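Each chain, letter by letter, is given below.
There are 2 protein chains.
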Amino acid sequence: MSVTAPQGFRAAGVRAGIRNQSLGATASRPDVALVVNDGPQQVAAGVFTRNQVKAAPVLWSQQVLREQNLRAVVLNAGGANACTGPDGFGDTHRTAEKVADVLGCGAIEVGVCSTGLIGERLPIERLLKGVEAAAVELADGEDAGTRAATAVLTTDTVDKQAAVGRHGWTVGGFAKGAGMMAPSLATMLVVLTTDAIVTPEQADGALRAATAMTFDRLDIDGSTSTNDTVLLLASGASGVEAEADAFTEVLTEVCADLARGLQADAEGVTKRIAVTVTGARDDRDALVAARTIARDSLVKTALFGSDPNWGRIAAAVGASEATVEPETLSVTVNGVLLCEAAAAVGDRHKADLSGPEIAVEVDLGLGGGLATVLTTDLSHAYVDENSAYSS
Amino acid sequence: MSVTAPQGFRAAGVRAGIRNQSLGATASRPDVALVVNDGPQQVAAGVFTRNQVKAAPVLWSQQVLREQNLRAVVLNAGGANACTGPDGFGDTHRTAEKVADVLGCGAIEVGVCSTGLIGERLPIERLLKGVEAAAVELADGEDAGTRAATAVLTTDTVDKQAAVGRHGWTVGGFAKGAGMMAPSLATMLVVLTTDAIVTPEQADGALRAATAMTFDRLDIDGSTSTNDTVLLLASGASGVEAEADAFTEVLTEVCADLARGLQADAEGVTKRIAVTVTGARDDRDALVAARTIARDSLVKTALFGSDPNWGRIAAAVGASEATVEPETLSVTVNGVLLCEAAAAVGDRHKADLSGPEIAVEVDLGLGGGLATVLTTDLSHAYVDENSAYSS
Chain A
0 MSVTAPQGFR AAGVRAGIRN QSLGATASRP DVALVVNDGP QQVAAGVFTR
50 NQVKAAPVLW SQQVLREQNL RAVVLNAGGA NACTGPDGFG DTHRTAEKVA
100 DVLGCGAIEV GVCSTGLIGE RLPIERLLKG VEAAAVELAD GEDAGTRAAT
150 AVLTTDTVDK QAAVGRHGWT VGGFAKGAGM MAPSLATMLV VLTTDAIVTP
200 EQADGALRAA TAMTFDRLDI DGSTSTNDTV LLLASGASGV EAEADAFTEV
250 LTEVCADLAR GLQADAEGVT KRIAVTVTGA RDDRDALVAA RTIARDSLVK
300 TALFGSDPNW GRIAAAVGAS EATVEPETLS VTVNGVLLCE AAAAVGDRHK
350 ADLSGPEIAV EVDLGLGGGL ATVLTTDLSH AYVDENSAYS S
Chain B
0 MSVTAPQGFR AAGVRAGIRN QSLGATASRP DVALVVNDGP QQVAAGVFTR
50 NQVKAAPVLW SQQVLREQNL RAVVLNAGGA NACTGPDGFG DTHRTAEKVA
100 DVLGCGAIEV GVCSTGLIGE RLPIERLLKG VEAAAVELAD GEDAGTRAAT
150 AVLTTDTVDK QAAVGRHGWT VGGFAKGAGM MAPSLATMLV VLTTDAIVTP
200 EQADGALRAA TAMTFDRLDI DGSTSTNDTV LLLASGASGV EAEADAFTEV
250 LTEVCADLAR GLQADAEGVT KRIAVTVTGA RDDRDALVAA RTIARDSLVK
300 TALFGSDPNW GRIAAAVGAS EATVEPETLS VTVNGVLLCE AAAAVGDRHK
350 ADLSGPEIAV EVDLGLGGGL ATVLTTDLSH AYVDENSAYS S
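Going down the list, the sequences are from chains A and B.
Following numbering that gives the first Met the number 0, the numbering of the first sequence begins with 0 at its first residue and continues without gaps.
Following numbering that gives the first Met the number 0, the numbering of the second sequence begins with 0 at its first residue and continues without gaps.
Chain A on its own, in the form it takes in the complex (with noise of 0.2 Å):
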């Protein structure tokens, strides 16, 4: 159930003392987790943060990616290390330097990953004692992955992880945050590993293809981290070569896992809610129409008070980038249908919200364009922890 559940591959989660000491309780958490590729292969794809204010590790990974050989990724909490300019960036690299020592290989094969406050320096002394000690934790099985899963953590509450074994081959994982290239509650990181034997390009199409159907359609505030980060490495250690769309499946599999999981335990949350749009010209329609409801306000508050007020997610539907014809729009909140050619149909009150599930579904009745995304509702307990003072 972790990174470490493919073959040849460590990991290994350390507190390193980076989280500020002001925060308490979670200052004493492991802060440093490190996960390293034995291989005998090293094929590694990456996918990143959309926002053009993008944090140092992100910068440097996406160019250690172009080599698409990986040996191993750090990632720390407490720091996010964007917004810190080229002394930064300088962290970051000597970050990947010193793992690149301890590992004896090169920076370039190392990717960097960093959660925390934007704008702040990280305590670089403090990151590079601790990649020595995660450097001699390192070990392979459960409570090593778990270990490396913990550490990232920020305002988590648990660990997200996730593994399937198929066809001779496991792909694992685990997440923090919650969100993606393009929405981004706080910095999502995601590590994935596999002992499938795959081919630098098909790494790339099978991450990209199940990244886009997955973290990019979890939306639990519409904002965009300056770090978000997805990487894959693979080791061969299994000796199977994976059939391509097999690969893909598998790995849509696991990330739709921790995508589940990152919504499950987003900020504040009270509502796992599921907007599901149908019947739109096309899917791209169905997604812009999805995110639009799954982004708006007055729905989030709605639904955080258990409150089927269709009449907001008609005027959300009618306020996005896609067609919509009033004529055609229907509107069923868990599977009670409250709204058809948009107006009202039944009793609004049989639709019971009560429960911590919510499914929207909203037919545009124009093709068959289709996107589901997944948000939570907007409640006080968000408020609270996005309102309490940084530092």
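Note that these hints are calculated values from the structure, not bench results.
No experiment lies behind these values; they were computed from the predicted model shown.
A virtual CB, placed ideally from N, CA and C, is assigned to each residue, including glycine.
Errors might be hidden in some of the hints.
Said to hold, decoys possible - Partial pick of chain B residues on the chain A-facing surface, computed with a CB cut under 8 Å:
hint, residue
1, V52
2, G84
3, L116
4, G118
5, P122
6, L297
7, V323
8, P325
9, T327
10, A341
Given chain A's structure and the hints, the job is docking chain B onto it.
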């Protein structure tokens, strides 16, 4: 200070019992308003929500505005008459017919505006009786204008009115809600009046220019109402022909005054935030960047917490569709430069955000583009107001 400030106008606000009785105190408020243009001219112009799902009164008013001539506007709170199908449109039509009856004009000379819950039919008999009562109460003078301005309030806590007299003519108006054709918190309805002599083309051009720079740049939560409407009625009663630029200028002044009133009374507001973007490639880019910052939940919760968390501002602008270069990006909050070349400068704690006004200034350093968007924070009170069960 109202729609009755210019010569040639009468107004009324009465209680017709349309508001949901379960709302308690607010149910006893007046809920039908009537504004009548006694001429000699009856020139009119309107701008409407861009939502593809338009309320019946919007569809009606867009239709009658083709004649660029209005004798009266009737408005109701207590129901949006949106997503109510052909029957709902029939209700709007009957309302206009009733106004036409009591005033002795054609229904095609009557604009209609509604605000309240989406998806429920109006209690039409009560509304028609309200129109009769309003016709009896019609009067000139400030009190009558205030009664009309008060009758359309929903979650508003105060009436919003403005007037400017200059060049021998006057522009007056009232507004309810917050937001506009693109963005909207709750429905925004605005009625503007003037006794200047203007042509229909001049009225239309001035109204579009004025709203684009004011209500269109007020963004409370990025949502877009099905009902947003701004109507301008010109009586020509001053006998003075308005010069085009002067008219646009005064109209913009009145709209800006009303927009500030909407911002100050937005749902759950504790901070009035002005986001100004300078140095953009062009004005459009500046507006896109400013609007993205103004809509960002992480920025809005940080400012609710009086936290000068400029990293979230930098992340939001980087995620916008405007062109952003980190190397030339700076962020100033309440006059204190916090970020230069996308990196921290100075002591963030010097930016004191404890007061109710916050100025966020972002310089993209790329060109001469400039825009300001007004918004508010994302507070517990906002969640409270919008998660209360709708019925």
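Here is how each hint holds up against the structure:
no.: 1; hint: V52; verdict: 3 Å, holds
no.: 2; hint: G84; verdict: 4 Å, holds
no.: 3; hint: L116; verdict: 7 Å, holds
no.: 4; hint: G118; verdict: 4 Å, holds
no.: 5; hint: P122; verdict: 15 Å, violated
no.: 6; hint: L297; verdict: 5 Å, holds
no.: 7; hint: V323; verdict: 4 Å, holds
no.: 8; hint: P325; verdict: 5 Å, holds
no.: 9; hint: T327; verdict: 12 Å, violated
no.: 10; hint: A341; verdict: 5 Å, holds
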